[in-house]
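Number of protein chains: 2
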Amino acid sequence: MSVMIDIIPDGGVTSPLGFSAGATYAGIKKQSRDALDLSILFSEIPCVTAGAFTTNKIKAAPVILDKQKLDKTGHAQAVVINSGCANACTGELGMTAATATADLAAKLLGVASDMVMVASTGVIGVQLPLDKVQTGLANIHLSSQGGSDLTRAIMTTDTRPKKIAVTVKTSGTIFTIGGTCKGAGMIHPDMATMLCFLTTDALVECDFLKATLDDAIAASFNMISVDGDTSTNDTVLLMANGLAGNEAISSGSHLAAAFKQALNKVCLFLAKCIARDGEGATRLIEVVVNGAKNLKDARLIVRTITSSPLVKTAVHGCDPNWGRIIAAAGRSGAELVSEKTHVYIGEMCLMKNGLPLAFDKKAASSELNKEEVVLRVELNIGGDSATGWGCDLSEEYVLINSEYTT
Amino acid sequence: MSVMIDIIPDGGVTSPLGFSAGATYAGIKKQSRDALDLSILFSEIPCVTAGAFTTNKIKAAPVILDKQKLDKTGHAQAVVINSGCANACTGELGMTAATATADLAAKLLGVASDMVMVASTGVIGVQLPLDKVQTGLANIHLSSQGGSDLTRAIMTTDTRPKKIAVTVKTSGTIFTIGGTCKGAGMIHPDMATMLCFLTTDALVECDFLKATLDDAIAASFNMISVDGDTSTNDTVLLMANGLAGNEAISSGSHLAAAFKQALNKVCLFLAKCIARDGEGATRLIEVVVNGAKNLKDARLIVRTITSSPLVKTAVHGCDPNWGRIIAAAGRSGAELVSEKTHVYIGEMCLMKNGLPLAFDKKAASSELNKEEVVLRVELNIGGDSATGWGCDLSEEYVLINSEYTT
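Chains as they are written, first to last, in numbering that gives the first Met the number 0: chain A, 0 to 405; chain B, 0 to 405.
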């Protein structure tokens with residue numbers, strides 16, 4: 000079956016049929032009046048919804064609440080998102096605020112409270128100002144053009160909005176997937192929160208939606224590293240309202256592969272946006288590992304390399320110090336055999352079978368000066384591969400993250 | 000039994016009876032003529048010797064060689080150490096160079112080759128210049144005052160020499176433990192190598208020596224973090240020549256506790272020297288975790304906090320952003336219950352039972368401006384504790400590690 004996946008110019012979460020969004024400045028962020036800090040994503044009808052949440056043992060109130068609701072119903076119709084306050088380490092009062100936020104929005108939107116998810120990003124240990132949320136919610140105007148406002152409203156230290164939408168065309172069917180995310184740029188007082196909201200008008204069976212989302216996240220958001228800190232608030236929500244009128248997609252159905260492919264594309268695009276926009280980052284680093292014993296090992300090595308401060312600073316300084324790459328691979332815990340391993344910067348092989356090769360240092364340095372730097376390790380001990388993304392570590396990162404608050 | 004442990008002023012590896020050392024500039028480091036880069040540590044008689052080596056799967060040639068020799072004999076009489084070249088990722092040629100270095104030294108010293116250990120630190124992927132090593136070895140003059148020269152000769156980016164010696168007096172017995180180390184300051188082209196050489200004139204039974212060393216390392220060198228990168232060359236060697244004439248110390252003997260205590264003290268002192276001298280570091284960070292379910296969990300949380308870039312930059316900026324501390328604890332993988340957890344900066348409690356406390360931000364900021372910063376997490380779910388050390392992350396770290404080499 001032929002599948003066409005096309006990017007919609009300026010598309011986002013409101014590109015799929017039946018979704019609307021809006022945002023306002025509620026005064027939660029301590030910023031100028033034109034900053035947006037509260038937003039709503041809404042679907043005309045309830046959506047089959049899949050979620051993925053932080054693995055941090057300290058979970059913010061909205062994460063706890065969303066998990067409870069999703070476990071109960073597997074559906075959602077709206078999400079309320081605030082920036083400027085993480086509502087984490089806020090105890091019972093924080094849970095009350097998260098619950099009340101959903102309840103208030105549910106009332107305004109005319110849907111059941113269980114159908115409203117919440118998400119927060121910002122300072123830890125500060126209570127959510129419920130009065131401001133209440134006033135703010137009433138000010139939000141929902142529109143099918145509101146996706147861009149929502150994208151802006153969830154940004155904290157992001158320097159660029161991050162959004163995409165694709166249409167998927169197969170014989171007789173067309174559906175759309177949209178998405179937006181924020182993070183993981185971190186600046187005091189924010190945490191490394193990654194929030195991502197995905198929408199589709201495809202009709203998708205519940206279990207398949209969750210499994211497909213998990214797979215897409217494993218290969219995208221879980222393969223990026225800015226500084227290794229996992230937030231208390233990380234959340235990905237995928238809402239499918241079925242308004243495209245397609246036959247329900249499940250693991251056996253003929254549209255399964257197309258849906259997977261399109262969702263992977265959307266997640267990968269958004270994940271790379273985050274890595275590229277890492278705090279103080281000047282370059283995107285793509286790390287490829289081939290020939291691993293298994294996928295777990297391949298991903299482990301990728302993640303160890305993308306999060307190594309020595310690798311990140313070497314890339315920043317355009318220093319082809321490949322010893323740092325192989326040393327990171329070696330300490331990752333994954334299987335490797337030095338005598339079989341090759342290391343590449345771009346297409347230049349610097350280490351072959353565990354031994355250094357003579358190379359043109361100037362050319363290797365130029366390779367590291369590109370906007371997208373590719374580092375590759377060939378293990379030659381198995382058939383599994385993985386790719387991940389990170390960014391260089393600059394003085395700017397330290398400056399941003401050590402800013403005085405007192 | 001009363002035990003007195005006293006620090007010997009300006010003591011080091013040659014403080015215990017029967018040890019001598021010397022160093023020279025062999026031209027391995029690309030530095031000025033007065034830099035030392037090759038040294039020998041020697042004992043008059045063979046020593047019961049315990050070693051601990053890097054867990055990196057990529058192991059430098061000297062690490063492989065030392066392990067082979069120690070497994071075979073459990074004894075050593077000398078160590079040859081070079082800086083400026085790691086002899087890692089150097090294949091068979093590298094193994095030949097390491098073996099030849101030991102053989103050359105053995106001949107000069109009049110001992111068996113098996114009795115000579117080797118250790119290297121410096122650039123990865125560069126062959127050890129054996130001719131320079133040969134000439135250098137012949138130039139080394141051994142003396143019982145040579146400990147300081149050895150300490151200088153193993154330094155790479157260290158800004159301070161790191162050495163200590165203690166005498167241990169109990170009724171009727173006196174013995175000495177000395178030690179020196181280098182690392183984990185890293186600058187291109189060096190790796191994060193930690194080398195440590197420990198000497199004692201106590202007579203110690205082999206298995207007890209190894210077990211005591213492993214315990215001491217677990218609570219000291221394994222509890223420091225500068226940037227999380229583990230080198231291909233990390234080595235700790237402990238040589239015991241028995242010249243103090245004490246009754247052999249084994250796990251049951253009356254001197255066992257005193258020996259343990261003294262060795263722990265030496266290792267802890269040296270480990271803290273390394274953390275304090277981390278590249279670009281301006282402050283030592285001590286992280287204490289109490290009330291953990293078990294020791295493994297306590298250490299896991301300590302290590303996650305000491306290696307968190309967000310915590311390290313917050314300390315650098317004197318920013319009492321305690322959310323970063325609890326978030327790091329939460330993502331460590333260790334058991335914790337938010338509602339039972341307290342977080343302290345110095346003696347100031349900022350989070351109690353998972354909830355933020357009002358606190359004097361100026362005072363907390365001053366606490367973080369001290370030369371030694373103490374961060375503490377009270378878990379209140381068990382009886383185990385751990386302490387570890389790290390340093391702040393400064394712009395200087397990035398500058399040092401992104402230096403051009405081309």
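Keep in mind the hints are simulated off the structure, nothing from the lab. Treat the hints with care, since some could be wrong.
Identical chains share a label here; the pair holds if one copy fits it or two copies do between them.
Claimed, not checked - Straight-line C-alpha distance at most 30 Å; calculated DSS-like pairs for lysine-lysine: (1) Lys-369 <-> Lys-264; (2) Lys-351 <-> Lys-259; (3) Lys-56 <-> Lys-295; (4) Lys-360 <-> Lys-56; (5) Lys-168 <-> Lys-106; (6) Lys-271 <-> Lys-209; (7) Lys-29 <-> Lys-361; (8) Lys-295 <-> Lys-360; (9) Lys-66 <-> Lys-292; (10) Lys-209 <-> Lys-71; (11) Lys-131 <-> Lys-361; (12) Lys-360 <-> Lys-131; (13) Lys-360 <-> Lys-29; (14) Lys-56 <-> Lys-351; (15) Lys-271 <-> Lys-106; (16) Lys-106 <-> Lys-361; (17) Lys-28 <-> Lys-351; (18) Lys-66 <-> Lys-339; (19) Lys-209 <-> Lys-351.
Here is what the structure says about each hint:
1. In this assembly of identical chains, Lys-369 and Lys-264 lie within 30 Å of each other by CA distance solely inside one copy; the values are 23 Å within and 49 Å between copies.
2. Within a single copy, Lys-351 and Lys-259 get their C-alpha atoms no closer than 36 Å, and across copies no closer than 45 Å, so neither meets the 30 Å cut-off.
3. Taking CA atoms no more than 30 Å apart as the test, Lys-56 paired with Lys-295 passes in both settings, with 22 Å inside one copy and 17 Å between copies.
4. In this assembly of identical chains, the alpha carbons of Lys-360 and Lys-56 lie at most 30 Å apart only when taken from different copies (27 Å versus 45 Å within one copy).
5. For a Cα distance limit of 30 Å, the shortest separation of Lys-168 from Lys-106 qualifies neither inside one copy, at 37 Å, nor across copies, at 78 Å.
6. In this assembly of identical chains, the alpha carbons of Lys-271 and Lys-209 lie at most 30 Å apart only when taken from the same copy (22 Å versus 48 Å across copies).
7. Taking CA atoms no more than 30 Å apart as the test, Lys-29 paired with Lys-361 passes between copies only; the shortest distance there is 20 Å, against 46 Å inside one copy.
8. For the homomeric pair Lys-295 and Lys-360, neither the shortest alpha-carbon distance inside one copy (33 Å) nor that between copies (44 Å) is at most 30 Å.
9. Only between protomers do Lys-66 and Lys-292 lie at most 30 Å apart by alpha-carbon distance; the minimum there is 27 Å, versus 35 Å within a single protomer.
10. Proximity of Lys-209 and Lys-71 under a CA criterion of 30 Å is satisfied intra-copy only: 15 Å inside one chain copy versus 55 Å between copies.
11. Taking CA atoms no more than 30 Å apart as the test, Lys-131 paired with Lys-361 passes between copies only; the shortest distance there is 28 Å, against 56 Å inside one copy.
12. For the identical chains of this complex, Lys-360 and Lys-131 are inter-copy neighbours only, at 25 Å across copies versus 57 Å inside a copy, given an alpha-carbon limit of 30 Å.
13. For the identical chains of this complex, Lys-360 and Lys-29 are inter-copy neighbours only, at 18 Å across copies versus 47 Å inside a copy, given an alpha-carbon limit of 30 Å.
14. Taking the closest pair of Cα atoms, Lys-56 and Lys-351 come within 30 Å of each other only across two copies (16 Å); inside a single copy the shortest separation is 42 Å, beyond that limit.
15. Taking the closest pair of Cα atoms, Lys-271 and Lys-106 never come within 30 Å of each other, the shortest separation being 37 Å inside a single copy and 58 Å across copies.
16. In this homomeric assembly, Lys-106 and Lys-361 never come within 30 Å of each other (Cα to Cα): the closest approach is 63 Å inside a single copy and 43 Å across copies.
17. Taking the shortest alpha-carbon separations for Lys-28 and Lys-351, only the inter-copy value of 25 Å comes in at or below 30 Å, while the best intra-copy value is 52 Å.
18. Only between protomers do Lys-66 and Lys-339 lie at most 30 Å apart by alpha-carbon distance; the minimum there is 22 Å, versus 45 Å within a single protomer.
19. Taking the shortest Cα distances, Lys-209 and Lys-351 never come within 30 Å of each other, neither inside one copy (41 Å) nor across copies (37 Å).
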